[in-house]
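2 protein chains.
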Amino acid sequence: MTNSPPVTLDDVRDAAAQIKGVAHRTPVLRSRTLDALVGAEVFLKCENFQRVGAFKFRGAYNTASRLAPEQAVKGIAAYSSGNHAQAVALAARELGTTAVILMPQDTPRSKMDATAGYGAEIVTYDRYNGDRVAIGEALAADRGLALIPPYEHPHVIAGQGTAALELIEEVGHLDALVVPVGGGGLIAGSATAAKALDTGIHVIGVEPEAGDDTKRSLEAGRRVSIPVPRTIADGQAAGIPGELTFSINQRLVDEIALVTDDQIREAMRMAFERLKIVIEPSGATALAALLSGRIHRIPARVGVIISGGNIDARRFAELCGT
Amino acid sequence: MTNSPPVTLDDVRDAAAQIKGVAHRTPVLRSRTLDALVGAEVFLKCENFQRVGAFKFRGAYNTASRLAPEQAVKGIAAYSSGNHAQAVALAARELGTTAVILMPQDTPRSKMDATAGYGAEIVTYDRYNGDRVAIGEALAADRGLALIPPYEHPHVIAGQGTAALELIEEVGHLDALVVPVGGGGLIAGSATAAKALDTGIHVIGVEPEAGDDTKRSLEAGRRVSIPVPRTIADGQAAGIPGELTFSINQRLVDEIALVTDDQIREAMRMAFERLKIVIEPSGATALAALLSGRIHRIPARVGVIISGGNIDARRFAELCGT
Numbered sequence: 329m330t331n332s333p334p335v336t337l338d339d340v341r342d343a344a345a346q347i348k349g350v351a352h353r354t355p356v357l358r359s360r361t362l363d364a365l366v367g368a369e370v371f372l373k374c375e376n377f378q379r380v381g382a383f384k385f386r387g388a389y390n391t392a393s394r395l396a397p398e399q400a401v402k403g404i405a406a407y408s409s410g411n412h413a414q415a416v417a418l419a420a421r422e423l424g425t426t427a428v429i430l431m432p433q434d435t436p437r438s439k440m441d442a443t444a445g446y447g448a449e450i451v452t453y454d455r456y457n458g459d460r461v462a463i464g465e466a467l468a469a470d471r472g473l474a475l476i477p478p479y480e481h482p483h484v485i486a487g488q489g490t491a492a493l494e495l496i497e498e499v500g501h502l503d504a505l506v507v508p509v510g511g512g513g514l515i516a517g518s519a520t521a522a523k524a525l526d527t528g529i530h531v532i533g534v535e536p537e538a539g540d541d542t543k544r545s546l547e548a549g550r551r552v553s554i555p556v557p558r559t560i561a562d563g564q565a566a567g568i569p570g571e572l573t574f575s576i577n578q579r580l581v582d583e584i585a586l587v588t589d590d591q592i593r594e595a596m597r598m599a600f601e602r603l604k605i606v607i608e609p610s611g612a613t614a615l616a617a618l619l620s621g622r623i624h625r626i627p628a629r630v631g632v633i634i635s636g637g638n639i640d641a642r643r644f645a646e647l648c649g650t
Numbered sequence: 329m330t331n332s333p334p335v336t337l338d339d340v341r342d343a344a345a346q347i348k349g350v351a352h353r354t355p356v357l358r359s360r361t362l363d364a365l366v367g368a369e370v371f372l373k374c375e376n377f378q379r380v381g382a383f384k385f386r387g388a389y390n391t392a393s394r395l396a397p398e399q400a401v402k403g404i405a406a407y408s409s410g411n412h413a414q415a416v417a418l419a420a421r422e423l424g425t426t427a428v429i430l431m432p433q434d435t436p437r438s439k440m441d442a443t444a445g446y447g448a449e450i451v452t453y454d455r456y457n458g459d460r461v462a463i464g465e466a467l468a469a470d471r472g473l474a475l476i477p478p479y480e481h482p483h484v485i486a487g488q489g490t491a492a493l494e495l496i497e498e499v500g501h502l503d504a505l506v507v508p509v510g511g512g513g514l515i516a517g518s519a520t521a522a523k524a525l526d527t528g529i530h531v532i533g534v535e536p537e538a539g540d541d542t543k544r545s546l547e548a549g550r551r552v553s554i555p556v557p558r559t560i561a562d563g564q565a566a567g568i569p570g571e572l573t574f575s576i577n578q579r580l581v582d583e584i585a586l587v588t589d590d591q592i593r594e595a596m597r598m599a600f601e602r603l604k605i606v607i608e609p610s611g612a613t614a615l616a617a618l619l620s621g622r623i624h625r626i627p628a629r630v631g632v633i634i635s636g637g638n639i640d641a642r643r644f645a646e647l648c649g650t
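Order-wise, the sequence lines are chains A and B.
If you're matching positions, the first sequence starts at 329 in my numbering and goes up one per residue.
If you're matching positions, the second sequence starts at 329 in my numbering and goes up one per residue.
Wrong hints could be hidden among the right ones.
One copy or any two copies: either way a pair holds, since identical chains are not told apart in the list.
As the list claims (entries may be wrong) - Below, computed lysine to any residue pairings styled on SDA-like, alpha-carbon distance capped at 25 Å:
#1 LYS402 <-> ALA368
#2 LYS439 <-> GLY649
#3 LYS348 <-> ARG602
#4 LYS402 <-> GLN346
#5 LYS402 <-> GLY500
Derived from the structure by calculation, the hints contain no laboratory data.
Chain A on its own, in the form it takes in the complex:
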């Protein structure tokens, strides 16, 4: 037994080397308009421009590419209706192997098609009568596949941390880093990298108001479960933090801010009209917290992870068109 942290800055650096040339080094966007609105220098790390349109590819590829060759040829598996599904599918294709993705039966056709478009096999289940973790594990065991979880894995967390690593390498010291929180993998990796590189940095997680399981858990000092959240931020609809991610976030996250669906919509609209970029609801929560005043003391230099941009034009029109 040891007290060394499960993921370190060295792990994130190793992940950065592992994904180099396969994942994009995404741009850092600046905007005078945004700086004026927020009253700070804001640096947006744009994972909406990542492959598959979200940060998830970093962790999926870092994990899949480290499998033993005899395991890799047998294929990989994941359970996800969202960006992790496409990330694992693309990672498998890049590695010349196959992926099987377990998705709820009622997953929108466009998301199934996108995942199948990367060459993955889709297996569906009934989300009201099945436990995706149990079904996913059984499927993987049955077919001899390596299951890549969406956040509960050190290689996944280290991979997700590479976005913050790139950001700080590029822009230097930041007073605060604001990161969306779902299962907690992105912020666990981000905080691991940021706190090691820049000890004074304040790490702020952002959850949708209806999905405040990590905030409650940090306050309670233990993992708290909430009913499945109803929010437009579908990538952050976790009902309980991960065990591994929570152990990291308990140590490294300074604060959780909450945003309403209206504040998320406003941030998406602002990004569209002023920054000319597309952000999905979950990807916009950190920006929403900054713009809506839900972060109380905003320091001089603030990094923000824009975690994804997968939303179709029709859904954007529904959410932001009025």
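On the provided structure of chain A, position chain B as indicated by the hints.
Just chain B now, kept in the frame of chain A:
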């Protein structure tokens, strides 16, 4: 009298030096998805990320910043309901002087507000009973202002050419350059730079089908006037090419492609969903021509100017939300 061209590569280089540090050097976007769809290597020069959200700032600032100091202090003027209005307003503010912008009475409130937001005075006129050029010239003469036309000026054209200059400097040889055509200033500047830097390059202009005045004019060998076009590409609703721009384009433009409003919408939607960027209708016509097959022989390496991104979320929802 001389036969030397009214705008040369040296003029474009001078403009690039003049706007350096004030205008953005905009990013060049690549996309594997786009390359696969088009069957070529495509390089998108993203002027939607330019200041004021469009290439227009390049020409406006290049022109305004070259005024004699005694003229500059008296202020500048422009007639425009679109991106040129905001470009001239911001150029004036950057130069510490004032701008008066002549706009049709029925200009959308949001565009008037954006222009006023840069500190400009707005003067309105009745577009059905007034000639904007005559009113603009009278206003400028009356108040002692320097009128900056939207395209009929060598400094404006040279400024607009800096986007193509930056693109070719960054990515090297291109087989073709595809550029939206309205009054013809952007393509005149682009073609001037491109043909001088890269003699074999094929310069293709793109107009909305309903606004094909430049195509007709090039075919006729003289400037042809058409009725005011009805198209969603409001930045390309010119009824006749400029005199100066036409003289340049007649010499340097190889081909004009036409696109329908539906093809423009499809390109905007594709840019939104796959590239995660916002493009206004006029800004998307060059991309639309590539995607829709309206350009017949697409060579291996193609540059595309994405000329602007000024569209609000509500209008985008109307055009692309179904």
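Evaluation of the provided hints:
1. LYS402 <-> ALA368: Neither. Shortest intra-copy (50 Å) and inter-copy (34 Å) distances fail the 25 Å Cα cut-off.
2. LYS439 <-> GLY649: Intra 22 Å, inter 18 Å, cutoff 25 Å: intra and inter.
3. LYS348 <-> ARG602: Cα proximity of LYS348 and ARG602: across copies only (22 Å, versus 31 Å in one copy).
4. LYS402 <-> GLN346: within (21 Å within a copy, 59 Å between copies)
5. LYS402 <-> GLY500: neither (42 Å within a copy, 43 Å between copies)
This entry does not satisfy hints 1, 5, going by the numbered hints stated previously.
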